[in-house]
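Listed in order, the protein sequences are those of chains A and B.
The first sequence begins at 1 in our numbering and counts up one residue at a time.
The second sequence begins at 1 in our numbering and counts up one residue at a time.
Check the hints yourself; a few may be wrong.
Each computed EDC-like pair below joins lysine to aspartate or glutamate, with the alpha-carbon atoms no more than 16 angstroms apart [as the list claims (entries may be wrong)]:
1. K193(A) - E31(A)
2. K245(B) - D130(B)
3. K254(A) - D359(B)
4. K397(B) - D246(A)
5. K226(A) - D197(B)
6. K269(B) - E162(A)
7. K366(B) - E243(A)
8. K254(A) - E394(B)
9. K263(B) - E148(A)
10. K235(A) - D197(B)
11. K269(B) - D163(A)
12. K368(B) - E241(A)
13. K40(B) - D122(A)
14. K227(A) - D197(B)
15. K226(A) - D49(B)
16. K226(A) - E62(B)
17. K368(B) - E148(A)
18. K214(A) - E62(B)
No wet-lab data here; the hints were simulated from the structure.
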Amino acid sequence: MHILVCIKQVPGTTNVQIDPEKGTLKREGVEAIINPFDEYAIEEAVRLKEKVGGKVTVITMGPPQAESALRQAISVGCDEAILVGDRAFAGADTWATSYAISTAIKTIGDFGVIFCGKQATDGDTAQVGPSVAEMLNIPHVAYVRKIEEVGENSIKVQRMMEDGYDLIEAPVPCLLTVVKEINTPRIPSLKGKMAAKKAVIKQLNAQAINADIKQTGLAGSPTQVKKIFTPPQRKGGQMFEGEAQDIAVQLVQKLKENRLI
Amino acid sequence: MANKIVISADKCVGCGVCETTCPFGAISLKDGKAVVDMEKCRFCGSCVDVCGVKAITMQKEEVKDAVDKSLYSGVWVYAEQRHGEISSVVYELLNKGAELAKSLNVSLSAILIGSNISSKAQDLINRGADKVYVYDDPILAEFQDDPYSCILADLIEEEKPEIVLMGATNIGRSFASRVAAKIYTGLTADCMALEIDQETRNLMQTRPAFGGNIMATILTPRHRPQMATVRYKVFKEAPVQEGRKGEIINKTINAQTIINRTKFLGFFKDSSADVNISDADIIVSGGRGLGNPEGFKLIRELADLLGGAVGASRAAVDSDWIAYSHQVGQTGRTVAPKIYIACGISGQIQHMVGMSSSDIIIAINKDKDCPMMQTATYSLAGDLYEIIPAIINEIKKI
Numbered sequence: 001m002h003i004l005v006c007i008k009q010v011p012g013t014t015n016v017q018i019d020p021e022k023g024t025l026k027r028e029g030v031e032a033i034i035n036p037f038d039e040y041a042i043e044e045a046v047r048l049k050e051k052v053g054g055k056v057t058v059i060t061m062g063p064p065q066a067e068s069a070l071r072q073a074i075s076v077g078c079d080e081a082i083l084v085g086d087r088a089f090a091g092a093d094t095w096a097t098s099y100a101i102s103t104a105i106k107t108i109g110d111f112g113v114i115f116c117g118k119q120a121t122d123g124d125t126a127q128v129g130p131s132v133a134e135m136l137n138i139p140h141v142a143y144v145r146k147i148e149e150v151g152e153n154s155i156k157v158q159r160m161m162e163d164g165y166d167l168i169e170a171p172v173p174c175l176l177t178v179v180k181e182i183n184t185p186r187i188p189s190l191k192g193k194m195a196a197k198k199a200v201i202k203q204l205n206a207q208a209i210n211a212d213i214k215q216t217g218l219a220g221s222p223t224q225v226k227k228i229f230t231p232p233q234r235k236g237g238q239m240f241e242g243e244a245q246d247i248a249v250q251l252v253q254k255l256k257e258n259r260l261i
Numbered sequence: 001m002a003n004k005i006v007i008s009a010d011k012c013v014g015c016g017v018c019e020t021t022c023p024f025g026a027i028s029l030k031d032g033k034a035v036v037d038m039e040k041c042r043f044c045g046s047c048v049d050v051c052g053v054k055a056i057t058m059q060k061e062e063v064k065d066a067v068d069k070s071l072y073s074g075v076w077v078y079a080e081q082r083h084g085e086i087s088s089v090v091y092e093l094l095n096k097g098a099e100l101a102k103s104l105n106v107s108l109s110a111i112l113i114g115s116n117i118s119s120k121a122q123d124l125i126n127r128g129a130d131k132v133y134v135y136d137d138p139i140l141a142e143f144q145d146d147p148y149s150c151i152l153a154d155l156i157e158e159e160k161p162e163i164v165l166m167g168a169t170n171i172g173r174s175f176a177s178r179v180a181a182k183i184y185t186g187l188t189a190d191c192m193a194l195e196i197d198q199e200t201r202n203l204m205q206t207r208p209a210f211g212g213n214i215m216a217t218i219l220t221p222r223h224r225p226q227m228a229t230v231r232y233k234v235f236k237e238a239p240v241q242e243g244r245k246g247e248i249i250n251k252t253i254n255a256q257t258i259i260n261r262t263k264f265l266g267f268f269k270d271s272s273a274d275v276n277i278s279d280a281d282i283i284v285s286g287g288r289g290l291g292n293p294e295g296f297k298l299i300r301e302l303a304d305l306l307g308g309a310v311g312a313s314r315a316a317v318d319s320d321w322i323a324y325s326h327q328v329g330q331t332g333r334t335v336a337p338k339i340y341i342a343c344g345i346s347g348q349i350q351h352m353v354g355m356s357s358s359d360i361i362i363a364i365n366k367d368k369d370c371p372m373m374q375t376a377t378y379s380l381a382g383d384l385y386e387i388i389p390a391i392i393n394e395i396k397k398i
């Protein structure tokens with residue numbers, strides 16, 4: 001099976017902090033990483049290949065620097081990598097991103113299962129996976145936490161819901177977005193690291209994928225950012241210190257006063 | 001004319017305010033002057049506003065509307081149901097939706113999709129819907145993306161609403177994306193504030209970005225409808241008005257032709273998710289400061305005593321101390337209980353964004369200076385393994 005996995009390079013969000021004086025985003029020292037949810041998608045794609053045979057192609061849309069994310073994916077078992085990049089794609093929202101990625105996938109031809117992480121940690125929208133599936137006219141299942149069975153033409157998966165999980169059977173080809181419960185990603189092997197170093201990354205620009213420029217990038221994006229601001233901070237309240245017993249008495253007193261218990 | 005942004009090297013004093021303000025990391029200082037990386041710039045204008053010496057000028061391309069916006073009218077709420085029950089987020093959306101509809105002087109409609117569900121239509125009218133479109137068919141008993149997205153997309157194209165609101169639930173987030181992709185319109189995820197710009201009738205959709213570090217207000221200026229998924233618990237539920245009048249429109253589907261490529265094989269309930277933390281009035285949450293998974297026994301004891309639910313920080317979930325269904329925060333659930341008790345949780349922004357609308361926050365932590373202790377209503381400084389048992393004792397005395 002030709003398995004695809006779509007990934008995104010994001011800022012390592014744990015490092016993103018607010019500058020206490022200016023109240024703005026500190027960007028110094030923020031390294032670019034593979035979106036953590038995509039690591040589970042990569043791992044699941046590689047596991048599926050190991051089970052049914054075939055190859056895994058990893059795809060990202062982004063600037064030239066995103067190549068490092070693709071090489072990292074190869075180091076953990078992906079076979080081929082494609083960087084979809086063009087100035088015309090800059091400023092894309094989820095619709096225009098999905099358009100560029102799905103258009104690129106159409107040029108690749110045959111594929112079986114496409115994996116995506118459930119969402120990216122910078123935007124947190126969870127929209128690109130399902131949108132890509134729609135634009136490719138294939139079904140998708142979101143929030144997949146386990147693949148139960150892989151048949152010739154179908155795949156049975158557990159879809160995580162707020163109150164448990166649904167068991168869903170999807171035909172192949174289809175797109176799955178995965179949650180972190182699905183696996184524990186492997187660490188790159190020495191052989192994998194060598195492969196990553198040597199890999200030739202295929203570059204696809206707008207022309208190569210025959211994209212309609214009017215539907216890409218900022219121009220093709222239905223949504224626009226109007227303004228950005230720091231969320232209002234909650235003001236601090238009362239601090240209780242000292243012996244645990246005294247603290248507990250004071251707190252329970254407060255809660256009683258306010259009729260909270 | 002394309003979008004243009006120019007930083008005058010003559011005027012720029014190299015203060016760097018624009019660099020730190022740019023939400024897209026598109027500005028950097030080179031040789032003491034600010035430079036824009038055109039690949040990253042989205043022409044949001046934040047830098048123009050903050051520049052103290054007015055060195056930045058921006059011109060935005062005037063782009064024609066993608067559709068004739070005057071044909072689109074009305075506010076819609078997708079009335080999500082699961083196992084035949086309407087999700088509480090729907091009532092929150094009807095409340096906000098009614099306010100938006102009033103401000104636009106249009107009607108509020110609800111879209112109900114399911115099986116044996118028609119009896120719920122009046123509930124939606126009682127909560128403020130003027131019209132309810134009902135699709136009731138055995139094929140639609142359980143949520144599947146294909147038929148649900150086809151139905152909603154078709155109805156949107158037929159009836160042309162200007163706004164479509166959905167809950168930011170697993171269901172909503174999954175199929176809203178397909179609908180927006182189908183009909184080529186904007187979808188804004190996880191909104192926490194919605195307002196109408198009276199002049200343009202645009203919906204101003206505010207959502208957290210960058211893990212909650214910043215809020216972004218998003219518009220869908222040229223396309224219709226404007227679609228948004230909305231977080232739970234950010235708006236109050238619409239009150240019930242018994243016997244309110246409204247119109248119920250029963251729609252039919254063609255079971256033979258509707259696209260339905262996946263098969264629903266069954267639902268398996270998570271027994272540990274018996275208490276839905278999104279609905280709890282009191283939540284006691286544990287974090288890394290517990291030190292070990294055993295700590296959750298103490299958390300549960302306090303939660304049980306208060307009749308509340310158990311929550312957790314991402315750190316605790318990542319350490320496998322407790323199931324993901326308990327996780328509060330950006331990548332978990334959003335909660336807004338009457339009392340939120342954060343035990344050994346330092347208060348990373350990603351956690352804060354999921355619980356900061358709680359009425360009362362109680363923090364228990366050794367580190368007085370951590371963000372949670374600095375923002376809580378009541379901050380209890382000390383060892384949680386001493387303080388929590390003491391609180392349990394005190395409450396038992398009441």
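Tested hints:
no. : hint              : in the structure
1   : K193(A) - E31(A)  : violated (20 angstroms)
2   : K245(B) - D130(B) : holds (7 angstroms)
3   : K254(A) - D359(B) : holds (14 angstroms)
4   : K397(B) - D246(A) : holds (15 angstroms)
5   : K226(A) - D197(B) : holds (12 angstroms)
6   : K269(B) - E162(A) : holds (9 angstroms)
7   : K366(B) - E243(A) : holds (12 angstroms)
8   : K254(A) - E394(B) : holds (12 angstroms)
9   : K263(B) - E148(A) : holds (14 angstroms)
10  : K235(A) - D197(B) : violated (29 angstroms)
11  : K269(B) - D163(A) : holds (6 angstroms)
12  : K368(B) - E241(A) : holds (9 angstroms)
13  : K40(B) - D122(A)  : holds (14 angstroms)
14  : K227(A) - D197(B) : holds (14 angstroms)
15  : K226(A) - D49(B)  : holds (12 angstroms)
16  : K226(A) - E62(B)  : holds (15 angstroms)
17  : K368(B) - E148(A) : violated (47 angstroms)
18  : K214(A) - E62(B)  : holds (14 angstroms)
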